[in-house]
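Enquirer: Those sequence lines, one after another, are chains A and B. The first sequence maps to residues 1 to 244 in the numbering used here. The second sequence maps to residues 1 to 438 in the numbering used here.
Since the hints were derived computationally from the structure, they do not count as laboratory data. All values derive from a computational prediction rather than experimental measurement. Beta carbons: idealized from backbone N, C-alpha and C, even for Gly. Just so you know, not all the hints are guaranteed correct.
DEER-style ranges, computed between Cβ atoms [to be verified]:
1. A:P172 with B:L201: 38 to 44 Å
2. A:S29 with B:L102: 56 to 62 Å
3. B:F196 with A:S29: 39 to 45 Å
4. B:L102 with A:P127: 33 to 39 Å
5. A:G41 with B:M405: 36 to 42 Å
6. B:W177 with A:R58: 54 to 60 Å
7. B:L281 with A:A59: 50 to 56 Å
8. A:T219 with B:L201: 37 to 43 Å
9. B:S94 with A:P127: 35 to 41 Å
10. B:M405 with A:D65: 48 to 54 Å
11. A:Q19 with B:W77: 55 to 61 Å
12. B:R99 with A:G66: 54 to 60 Å
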Amino acid sequence: MSGSLLEIRGLHAAYGKIQALKGVDIEISPGEIVALIGANGAGKSTLMMTIFGKPRARAGQILFDGRDITELATHEIARLRIAQSPEGRRIFPRMSVAENLQMGADATDTSEADRASALERVFTLFPRLKERMSQRGGTLSGGEQQMLAIGRALMSRPRLLMLDEPSLGLAPLIARQIFDAIRTLNRQDGLTVLIVEQNANHALKLAHRGYVMVNGLITLSGTGADLLQRPEVRSAYLEGGRRA
Amino acid sequence: MTKPTTPASRVSGAAFIFKKAAISALVALVLFSLMIGIRTEAGPTGQLIYWTRFDDLASVVAIVFGGSIVVELLRRWWGPLGTPRLVPRQLQSSLALARKLLAPALLIFALLVPVIFYNQRYILDLGILVLTYVMLGWGLNVVVGLAGLLDLGYVAFYAVGAYSYALLATHFGLSFWVCLPLAGILAAFWGMLLGFPVLRLRGDYLAIVTLAFGEIIRLVIVNWESLTGGPNGVSGIPRPTLFGIPLTPADDGLAARLGIEFSPTHRIVFLFYLILALALLTNWVTIRLRRLPIGRAWEALREDEVACRALGINITTTKLTAFATGAMFGGFAGAFFATRQGFISPESFTFQESALVLAIVVLGGMGSQLGVALAALIMIGGFELFRDLEQYRMLVFGIAMVLLMIWRPRGLIGHRAPTVYLRQSQAISSDLVKEGHG
Numbered sequence: 001m002s003g004s005l006l007e008i009r010g011l012h013a014a015y016g017k018i019q020a021l022k023g024v025d026i027e028i029s030p031g032e033i034v035a036l037i038g039a040n041g042a043g044k045s046t047l048m049m050t051i052f053g054k055p056r057a058r059a060g061q062i063l064f065d066g067r068d069i070t071e072l073a074t075h076e077i078a079r080l081r082i083a084q085s086p087e088g089r090r091i092f093p094r095m096s097v098a099e100n101l102q103m104g105a106d107a108t109d110t111s112e113a114d115r116a117s118a119l120e121r122v123f124t125l126f127p128r129l130k131e132r133m134s135q136r137g138g139t140l141s142g143g144e145q146q147m148l149a150i151g152r153a154l155m156s157r158p159r160l161l162m163l164d165e166p167s168l169g170l171a172p173l174i175a176r177q178i179f180d181a182i183r184t185l186n187r188q189d190g191l192t193v194l195i196v197e198q199n200a201n202h203a204l205k206l207a208h209r210g211y212v213m214v215n216g217l218i219t220l221s222g223t224g225a226d227l228l229q230r231p232e233v234r235s236a237y238l239e240g241g242r243r244a
Numbered sequence: 001m002t003k004p005t006t007p008a009s010r011v012s013g014a015a016f017i018f019k020k021a022a023i024s025a026l027v028a029l030v031l032f033s034l035m036i037g038i039r040t041e042a043g044p045t046g047q048l049i050y051w052t053r054f055d056d057l058a059s060v061v062a063i064v065f066g067g068s069i070v071v072e073l074l075r076r077w078w079g080p081l082g083t084p085r086l087v088p089r090q091l092q093s094s095l096a097l098a099r100k101l102l103a104p105a106l107l108i109f110a111l112l113v114p115v116i117f118y119n120q121r122y123i124l125d126l127g128i129l130v131l132t133y134v135m136l137g138w139g140l141n142v143v144v145g146l147a148g149l150l151d152l153g154y155v156a157f158y159a160v161g162a163y164s165y166a167l168l169a170t171h172f173g174l175s176f177w178v179c180l181p182l183a184g185i186l187a188a189f190w191g192m193l194l195g196f197p198v199l200r201l202r203g204d205y206l207a208i209v210t211l212a213f214g215e216i217i218r219l220v221i222v223n224w225e226s227l228t229g230g231p232n233g234v235s236g237i238p239r240p241t242l243f244g245i246p247l248t249p250a251d252d253g254l255a256a257r258l259g260i261e262f263s264p265t266h267r268i269v270f271l272f273y274l275i276l277a278l279a280l281l282t283n284w285v286t287i288r289l290r291r292l293p294i295g296r297a298w299e300a301l302r303e304d305e306v307a308c309r310a311l312g313i314n315i316t317t318t319k320l321t322a323f324a325t326g327a328m329f330g331g332f333a334g335a336f337f338a339t340r341q342g343f344i345s346p347e348s349f350t351f352q353e354s355a356l357v358l359a360i361v362v363l364g365g366m367g368s369q370l371g372v373a374l375a376a377l378i379m380i381g382g383f384e385l386f387r388d389l390e391q392y393r394m395l396v397f398g399i400a401m402v403l404l405m406i407w408r409p410r411g412l413i414g415h416r417a418p419t420v421y422l423r424q425s426q427a428i429s430s431d432l433v434k435e436g437h438g
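If we strip away everything but chain A, and leave its shape as in the complex, we get (with noise of 0.2 Å):
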């Protein structure tokens, strides 16, 4: 099908012996924000990063933008402009804010006037940021580390970011905040999102569409409010997830 930013068939990816997706098919158009929810150890991050090429598809097809993508190397597929905010944030602790946020262009032969207009973004839409300049990474809150993942993922201009769990660990006034950014990347920048959460809530609110993921499959999806309503997904992940 033409005009998906990214379509994956039929996708398998295995660690060892261990098979982590076992055929997952998600289509994502540009311009959307798509949540992956599903419950720990389902596949979700494992999905994310064989999209970045570690570990390999062992079959199935993962196509960017028309263009066959399964086979490149993970450093090909980041200068296709996908960028990615890892799981557990991942700032680099002893380097000061600005060159944690140059690490994010530095992969992808950004010219200057790239770097500062997209630096520029990363400030309006982080501000605090801004202030901790010259701070080391490793000093930052949680939050602010967050920001600074995404504020990082977002120095290449990406066309696809794709967000590993970005409300982990986060007070719920923050993770509010950070919502709020990836909004608005999408509705004034039309950025395309995918969106790995724990947090379905938040996530199926925020999303235009849903997947949700079950031992290495995809066993639902729909828009963001239709998942919303489903008793299954209710059950699963929004009754039980807030007691947990």
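Based on these hints, arrange chain B on the given structure of chain A.
Expert: Same frame as chain A, but now just chain B:
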């Protein structure tokens, strides 16, 4: 954020130190009263005789008491932020100023060494030795300090550089200035060769493989007698020339051309400036690279390899360039070593050298150029200084290293200067930015 030290808090601090020292002395008294206070020995007829040594005991307890006060004072001086400071603020700020001026002062001093100590051959030789280790330290700093790849076989590249020059010069008569870049390139090539198999290794595993690599290179040199002369080494390595002008008493020598009287010191001074220039080149290149994406990628790799991959950094090229760059500087230093000595043998390239250079990098503060230079100066210079102490100097060294790692766990200069600056001035004060040690 140091709170202003009021007289009252200083008094209570002094009382605390005194109490702590008294407790240490008491523990020492209990411990040593039997160990030192009473001495037993078998008498001539087999019976046990003993006598007391209370004066020795008293002096040991006094040393513990005094030492404890000194240690505590030092700890407060350099210790983590938040501990009450007994050092007056004025002294602290002048210390900060001294730190800023340290690097330029050291550089000026290095430039003036041959002028000041012109007639002291020993000092000049020591200076050359120190600078060689400064250069090796700066070279290894790229691999260990910046890229975070623990390399225990750095001496291999030093050896490759030395043998490259020695063999090219003695067999093909190539001059030092032609061989220098060749030695660097060959060492860099071997650096890449080492880099490939260890791409997936980190930490301890990487250390073991690089250690083995260093030994392999040495053993190849020892056993490949037809090429390297084996344990006999290579002798008759040509001395360096000032771009073709030899530093000899001959008619076409530098002294004759300048119309001055020949002195063997000319060559030593020349060697001194040569290694100083090479070391400064290493430093300059490293500082430049740190500001480029490749240098940034090295540091990011040290911080978090997974994050690097997530950002699409090519891990393979990043690691290989780090190995190659570090190895190249090692090769330069090796070529210099060969031309200075005039004779090289595998004995100069043992694991001990790798360990020494690594110690310089770690003690200096991983990644800090100034720290590495200071550590080289202290370790190599200090080693010579304590030469009279014979067997005690290793002991002194061990103690110094342990103490340093307790007080400055990130090395002499553990602070890392950022390489990206913002054009606008910052709103936050530097007080808020500081972080505790270790």
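Enquirer: Run the structure past the numbered hints and jot down the numbers of the failing ones, going up.
Expert: none
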